[in-house]
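Chains as they are written, first to last, in the working numbering: chain A, 14 to 262; chain B, 81 to 157.
Hints were generated in silico from the structure; no laboratory data involved.
Every residue, glycine too, gets a C-beta built ideally from N, C-alpha and C.
Hints should not be assumed to be uniformly reliable.
Stated by the list, open to error - Here are the simulated lysine to any residue pairs, SDA-like style, with alpha carbons at most 20 Å apart:
| no. | chain 1 | residue 1 | chain 2 | residue 2 |
| --- | --- | --- | --- | --- |
| 1 | B | Lys126 | A | Leu83 |
| 2 | A | Lys21 | B | Ala92 |
| 3 | A | Lys85 | B | Ile133 |
| 4 | A | Lys93 | A | Ala260 |
| 5 | B | Lys155 | A | Ala211 |
| 6 | A | Lys93 | A | Thr111 |
| 7 | A | Lys170 | A | His90 |
As the list claims (entries may be wrong) - Pulled from the structure, derived: some chain A residues nowhere near chain B, Cβ distances all over 10 Å:
| no. | residue |
| --- | --- |
| 8 | Leu33 |
| 9 | Ile37 |
| 10 | Thr59 |
| 11 | Val72 |
| 12 | His90 |
| 13 | Glu140 |
| 14 | Arg204 |
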Amino acid sequence: MNSGDVMKPNDLFSINIFGLTFPISDTIVMMWIIMAVVIVLAFIFTRKLKTIPEGKQNVAEIVVETINNLIKSNIGHHWKPFAPYFGSILLFLVFSNTIGFFNIFPSGELLYKWTGIEFFEKISRFEIVPPTRDLNVTATMALMTIFLVLFSGIRYKGVKGWLGSFLKPSPIMLPFHILDYGTRTLSLSLRLFGNILAGFIVVEMAITAPLLVKFTIPVASGFFDLFDAGLQAYIFVFLSSIYISEAIE
Amino acid sequence: MSAVSGLIAIGAGIAMFTGFGAGIGLGIASSKASEGVSRNPEASGKIMSTGLIFATLSEVTAIFGFVIAVMLIGKMG
Numbered sequence: 014m015n016s017g018d019v020m021k022p023n024d025l026f027s028i029n030i031f032g033l034t035f036p037i038s039d040t041i042v043m044m045w046i047i048m049a050v051v052i053v054l055a056f057i058f059t060r061k062l063k064t065i066p067e068g069k070q071n072v073a074e075i076v077v078e079t080i081n082n083l084i085k086s087n088i089g090h091h092w093k094p095f096a097p098y099f100g101s102i103l104l105f106l107v108f109s110n111t112i113g114f115f116n117i118f119p120s121g122e123l124l125y126k127w128t129g130i131e132f133f134e135k136i137s138r139f140e141i142v143p144p145t146r147d148l149n150v151t152a153t154m155a156l157m158t159i160f161l162v163l164f165s166g167i168r169y170k171g172v173k174g175w176l177g178s179f180l181k182p183s184p185i186m187l188p189f190h191i192l193d194y195g196t197r198t199l200s201l202s203l204r205l206f207g208n209i210l211a212g213f214i215v216v217e218m219a220i221t222a223p224l225l226v227k228f229t230i231p232v233a234s235g236f237f238d239l240f241d242a243g244l245q246a247y248i249f250v251f252l253s254s255i256y257i258s259e260a261i262e
Numbered sequence: 081m082s083a084v085s086g087l088i089a090i091g092a093g094i095a096m097f098t099g100f101g102a103g104i105g106l107g108i109a110s111s112k113a114s115e116g117v118s119r120n121p122e123a124s125g126k127i128m129s130t131g132l133i134f135a136t137l138s139e140v141t142a143i144f145g146f147v148i149a150v151m152l153i154g155k156m157g
């Protein structure tokens with residue numbers, strides 16, 4: 014466990030492009046792994062599509078139907094352009110929140126002690142952490158969603174209609190509508206970040222605890238990494254779709 | 081440990097008091113949800129999903145206090 018600040022990401026190695034040095038943290042490496050997993054799964058499940066589904070295509074159709082129904086019931090009439098965006102966010106968040114469940118995979122330090130391969134010493138501080146443990150990832154997703162709300166409001170209502178909607182229920186609501194953009198971003202990003210970080214800290218403290226507490230590791234990890242993580246991913250997409258339905262009206 | 085570290089630790093402890101309000105709010109919401117299920121057992125699926133959604137919405141205030149406490153502890157020493 015890195016001493017001191019748990020909110021600071023671990024730097025693993027640096028790459029040099031065009032003379033600029035980029036430090037690569039373990040968040041970025043975990044996001045590469047998750048991207049690879051999701052892309053490979055997408056290729057496997059969509060090969061040789063037939064009109065009457067059979068086998069693996071059933072699973073893919075169930076997933077797409079569920080996401081479409083969720084978006085349709087919240088947004089309403091103009092649900093079609095938004096469903097792919099929310100589907101990608103939902104799949105990415107479900108995978109990246111629950112990958113902390115595989116923390117039993119040994120970290121780089123332990124692998125070096127067991128096998129003595131030189132490569133594992135350079136990545137000695139690498140262990141499987143959910144990438145949403147880093148505030149940068151969740152803040153980026155919340156910012157993308159709020160920009161989408163902003164631009165879709167301008168596009169579906171025109172600039173005049175969008176500016177007029179600030180005064181909609183009554184002109185007193187003007188500062189609250191302006192503040193809405195700031196507080197919604199904050200609450201979206203901090204909700205996801207706080208839940209995942211809390212689960213990570215609890216499991217870390219349970220690992221370095223006396224033996225009696227160690228028996229609660231599977232229960233704690235199962236609760237935080239499976240149930241809470243999946244719920245938070247669903248809540249993120251649900252709330253974003255409600256914000257968009259409010260902007261489009 | 082200097083005096084500033086002590087004050088930081090006390091501040092982090094006070095920041096966790098936000099869990100108090102979140103617990104009370106969640107308790108009230110759960111009691112109303114159970115009452116609704118007892119009056120109308122057929123709608124239990126809808127009531128449960130609605131209750132779960134609003135429970136996570138009201139949990140955010142406790143999470144804000146937790147994040148502040150973690151940030152303070154990182155600055156200690």
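Quick rundown of the hints versus the structure:
no.: 1; hint: B/Lys126 / A/Leu83; verdict: holds (14 Å)
no.: 2; hint: A/Lys21 / B/Ala92; verdict: holds (18 Å)
no.: 3; hint: A/Lys85 / B/Ile133; verdict: holds (18 Å)
no.: 4; hint: A/Lys93 / A/Ala260; verdict: holds (16 Å)
no.: 5; hint: B/Lys155 / A/Ala211; verdict: holds (18 Å)
no.: 6; hint: A/Lys93 / A/Thr111; verdict: violated (28 Å)
no.: 7; hint: A/Lys170 / A/His90; verdict: holds (14 Å)
no.: 8; hint: Leu33; verdict: holds (28 Å)
no.: 9; hint: Ile37; verdict: holds (22 Å)
no.: 10; hint: Thr59; verdict: holds (30 Å)
no.: 11; hint: Val72; verdict: holds (23 Å)
no.: 12; hint: His90; verdict: holds (23 Å)
no.: 13; hint: Glu140; verdict: holds (19 Å)
no.: 14; hint: Arg204; verdict: violated (5 Å)
When each numbered hint is compared with the structure, violations occur for hints 6 and 14.
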